[in-house]
Amino acid sequence: MAANGCKGRLLSLLDYRTEKYIVAKNKTVGVLYRLIQLSIIGYIIGWVFLSKKGYQEKDEAIQSTVITKLKGVSVTNTTESGLLMWGPEDYVIPPQGEAVLFVVTNFLETPNQKLGYCAESPKVLDGLCQQDGDCEEGKLVVSGHGLMSGRCLHRDENAPGTCEIFGWCPVERKFKPQSLLTNAENVTIYIKNFIHFPKFKFSKSNILETTDVSYLKCRYDEKLHPYCPIFRLGDITARAGYNFNDMATFVRVIGIIVVYLGLPLNRRIVLHQGGSIGIQIQWDCDLDKGYSECHPQYTFTRQDITASNTIATGFNFRHARYFKNSAGESYRSLYKFYGVRFNIMVNGKAGMFNIVPTAISVGSGLALMGVGVFLCDMILLYILKNGTAYRQRKFEGSQQTPENQSGILVL
Amino acid sequence: MAANGCKGRLLSLLDYRTEKYIVAKNKTVGVLYRLIQLSIIGYIIGWVFLSKKGYQEKDEAIQSTVITKLKGVSVTNTTESGLLMWGPEDYVIPPQGEAVLFVVTNFLETPNQKLGYCAESPKVLDGLCQQDGDCEEGKLVVSGHGLMSGRCLHRDENAPGTCEIFGWCPVERKFKPQSLLTNAENVTIYIKNFIHFPKFKFSKSNILETTDVSYLKCRYDEKLHPYCPIFRLGDITARAGYNFNDMATFVRVIGIIVVYLGLPLNRRIVLHQGGSIGIQIQWDCDLDKGYSECHPQYTFTRQDITASNTIATGFNFRHARYFKNSAGESYRSLYKFYGVRFNIMVNGKAGMFNIVPTAISVGSGLALMGVGVFLCDMILLYILKNGTAYRQRKFEGSQQTPENQSGILVL
Amino acid sequence: MAANGCKGRLLSLLDYRTEKYIVAKNKTVGVLYRLIQLSIIGYIIGWVFLSKKGYQEKDEAIQSTVITKLKGVSVTNTTESGLLMWGPEDYVIPPQGEAVLFVVTNFLETPNQKLGYCAESPKVLDGLCQQDGDCEEGKLVVSGHGLMSGRCLHRDENAPGTCEIFGWCPVERKFKPQSLLTNAENVTIYIKNFIHFPKFKFSKSNILETTDVSYLKCRYDEKLHPYCPIFRLGDITARAGYNFNDMATFVRVIGIIVVYLGLPLNRRIVLHQGGSIGIQIQWDCDLDKGYSECHPQYTFTRQDITASNTIATGFNFRHARYFKNSAGESYRSLYKFYGVRFNIMVNGKAGMFNIVPTAISVGSGLALMGVGVFLCDMILLYILKNGTAYRQRKFEGSQQTPENQSGILVL
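Residue numbers (my numbering), protein chains in the order written: chain A, 29 to 439; chain B, 29 to 439; chain C, 29 to 439.
Note that these hints are calculated values from the structure, not bench results.
A hint or two may mislead.
If chains are identical, the list can't say which one is meant, so a pair holds when it fits in one copy or spans any two.
[Claimed, not checked] Simulated crosslink set (DSS-like; lysine-lysine; CA at most 27 Å straight-line):
| no. | residue 1 | residue 2 |
| --- | --- | --- |
| 1 | K251 | K377 |
| 2 | K413 | K151 |
| 3 | K151 | K245 |
| 4 | K55 | K151 |
| 5 | K245 | K167 |
| 6 | K227 | K55 |
Predicted model, so just to flag it, every value in this text is computed and none were measured.
So that you can see chain A by itself, here it is in the shape it has in the complex (with noise of 0.2 Å):
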């Protein structure tokens, strides 16, 4: 008899409970219910799958690594330095083709400086002077080039002077634009990107899979070479939306007076010289599509400039080059190198479709249909005028009287 009644327990264990309903033939809140189903069938097929694709494992985690080369030849012609070559050896720092870069289009140097004693740069303001004792020896000029000696040098009495430094003499002149790169929008750069995802063991490169040597002789254009991994550096930033020229060599003057010790000098601030132009390789790839259907997509935005921000634009840096001569003295040639700087950035994620994510994506979109649920019970019971007959269908066993059947919060 208890093997008979745990045999019985068993098989009822087998057998199926559905939910008992009660119809309320109520055609608003049926026409809402629907609607509300509607929305969301439509939402889980339309958005989840089709727009997101929500049936597919997602990998993000992509490895990547840029090669850059760039090709191309550049003259300077100055009156101190004459006619210059440069290769790319010279105006790519560092010139071992990482993803992040930077092309001089301008340059001022400083040629054989040696450690001595001069005259501080009457541009910095912690220079000036009237007599020796504003010049303490051995100490540093605030934002200036060395150490000062102590004595104040004028050109006559009355002028006022700079403190006489210990530093790199003679120290960097004012700035007047000039040497730019000539041809150097034409340089090209040759962008290399290996990517692999992890999750799926997928790699890819943004280079054609061909034999046709003369492919790598083509020129990335949105619409005729897409798939060309060889960029006019011209062209980059044409579609940033700037002229190569004109980030070279543009210069904002703001005449600012600046009153120090009475007398009023003219300064001239440079600002804008050069920027930093972002190369964004997309890579989307929806791997149930195939292998060869996963292809990089390329941005070009200028990251030096924002909304309105006018004061942070811009891009130079110093560089020497050492050199001893023949009694084993060191001197040096400063250069003020302004240019481009070229950050390849890579990004991307794959998706192949997987079991569990499809069961989640369907799983908790029917969840929400709780939510239509809940909103039309409360309008069915608590809204309609009759809800207090509906209430006593639906909740079974209830000896209270209609008003305390309230049911409030049942979800």
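Once you have looked at the hints, place chains B and C on chain A.
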């Protein structure tokens, strides 16, 4: 009376309401529903909890610093430069211990270049000429090394010549594979990797916390020394599936007959030389298991070779060292460096038990049961032959004829 | 009649069906269920909406560019090199304004090295010798500086000697902590950070949008100037919890007695010198609050020190400057640079209201109610003593004896 009614209403809020079920003694649907239940529970426990650790809060925003240091010397012996010693300060570019570094394995030196006039390299197609008119004065040679002077230089009158250019002279010769840095595969790289998971305030490094200084005399080995941070370059390439010396020197020569000006020129293209190796450091930390159980995993892959891509491999760049002679004139040595680029990438995630993701995992898993209920209801009510009877019992109070009791899309 | 039936069937689709509930007048389960409901609603509102902002669409794929510029001069005074001025072009490596940069704080110069023959450093264990036979000709010294010539150099016959090598001579001496760059902690770093959230087409920089040029005379201070992009190096290390000068110079000396060939050698190992500092720029932008409410947060951490790790700290590397004498022979100055590496890391996410994540958050939260229903049902039906009566009411149409009406695992 009103207070009494209100109190009753509040008390009735504490009544528990449970859905009423119809028992359908149908074993087919019952078994199907139990199977769906079991597979969902299996999925929640097996996949969500054990495999994906769905009960953990995750931090994937790993912060990482990589410092590298290479050790070892290498020798080259060439007819031009004689015996040369190479230390890390020479063969590692850049030398400051970055995560992306280049190891020189081969080089071509063009010493003592000066700005001046000489013949363009015959490798540059645009620099070939028959007569002076082919070399337009003041124009840059496309893909060449300088500015044309207007003269065409011949060996003898009938042979094709090359334009005279103004540039760094003499121009680089063709490459003869030579000057291999011997012993470079025995160079060791010491990788210091410090990581931090900000969400859990968890920091660790890939170096064991030991006071035993002899630990740092180890060499990484997957089985013997998995936590050793010092790697032999030859071992790294071997683990990536390549031989270091092959990567450094292998030259693939393809003879291409270039027909230019009616004259066939036999040209050789050096394709493979150098390459790029990725060193992936993977941190998968289960912080529930404790600090000492969080270890890095190293994987090594060749990054510049994809499935069938042959034209993109290899890696080289040029670098110039500048000198001045006693007269103050500049000259330079141009180096074309071939080598292997190492790219250290750090990836990781940490997980720690948290009630919120646990609840979400369980909740969204259980929500999937709704799909099973919907499916079984459809079968029971519309596919099985006594579905009408079940429908009448399930949907109470619908006074229609049986064929109208559709209930389609009840969900 | 068929058309009529079909129309009725369609109309019945618009009937609203609501689940039938059994009211169990059991206060224990009722209170429990209300508590579960309240905590889930609290979780949805408090955690999902207020704390995690679950109603927002997120973009975590921040695009960022960092440009750095250091300002300030520094002085060294050594017996060998005399008084030297250091500008950013010298003490920042690399000089081109990268996000990872190294600031020299200490150096050891080995001037005028030439390729030739000299004694190996006694610091290299493998280079120690007793007789010529210990120095195999043509073999590289392990962890040494060159190629052995086959001779063993002694001061006197009985003392241990070192092998003669071919390499850059003289080899680097032992390090004596000296040559500290004074004033390096007063150097300022100007960090320009431009970010872009592609999903929301939102760009911003860490520099305030002001036309007030004097703004850039500020120094970062958490409370006074939280939006100032200019940092004093000494302040950065102080915020990371370390003193700049300590980091730059602190030498931890451990005496180790190395017994080699029966002779104890007193050797000292310099462990701490230099280090690595991480500057984290965190952008957490709630775009619902508007453009001006999106500000970066700076945090500073020392990266090369973990909980108890002492052998991995410190940071140095070598760099060589090449020269040629008037005879065209190469010589070089080898610099061993000690210093502090700054690693600027940008992280961020932006959120903006979107209906889809709101629906998902609400839906998956409500789905959790199912867990509460399941739990309360179990208690009501199987744990409370009058569970059998509730089971009979809940499961309609089951014609079994009460003890068979198990209903286990109904969910």
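So, going through the hints one by one against the coordinates:
1. K251 <-> K377: within (23 Å within a copy, 33 Å between copies)
2. K413 <-> K151: Answer is neither; intra-copy 85 Å and inter-copy 93 Å both fail.
3. K151 <-> K245: Only across copies: K151 and K245 sit 15 Å apart there, 48 Å inside one copy, limit 27 Å.
4. K55 <-> K151: neither (83 Å within a copy, 84 Å between copies)
5. K245 <-> K167: between (58 Å within a copy, 21 Å between copies)
6. K227 <-> K55: neither (51 Å within a copy, 42 Å between copies)
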